[in-house]
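Novice: Per the numbering used here, the sequence shown starts with residue 1086, numbered consecutively.
Read the hints as simulated data drawn from the structure, not as lab findings. Source: prediction; values computed, not measured. None of the hints are false.
Have a look at the derived ranges for each label pair, beta carbon to beta carbon:
no., residue 1, residue 2, range
1, 1148, 1110, 17 to 27 Å
2, 1155, 1107, 27 to 37 Å
3, 1134, 1088, 29 to 39 Å
4, 1137, 1113, 17 to 27 Å
5, 1087, 1142, 22 to 32 Å
6, 1091, 1125, 38 to 48 Å
7, 1128, 1155, 36 to 46 Å
8, 1094, 1141, 13 to 23 Å
9, 1154, 1105, 18 to 28 Å
All C-beta atoms, glycine included, are put in the ideal place defined by N, C-alpha and C.
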Amino acid sequence: MNLLQLSLTLLGLTWCLGSLTALATLLTWRERAATAPARRRRLLAVVLPAAALLLGSLLWTLLHVMLLWGPGAATVAAR
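Using the sequences and the hints given, assemble the complete structure.
Specialist: Following this line, the structure appears as structure tokens:
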């Protein structure tokens, strides 16, 4: 374990927490629409595309954090 691995892990976890917070904010914003058609419009136009991007970045980050702690990854991260 070196300082670079630890700092990249903390950065990745911070990114994941931020993504989850943004997703929760989007879902709350959708529910606060006044009418059902407005909620549907918000869902289709904003929430679903943004959720796909946020969840994709979350999975990408978690994958790379796991790869960072794999065997031999410390030498790759130090390059």
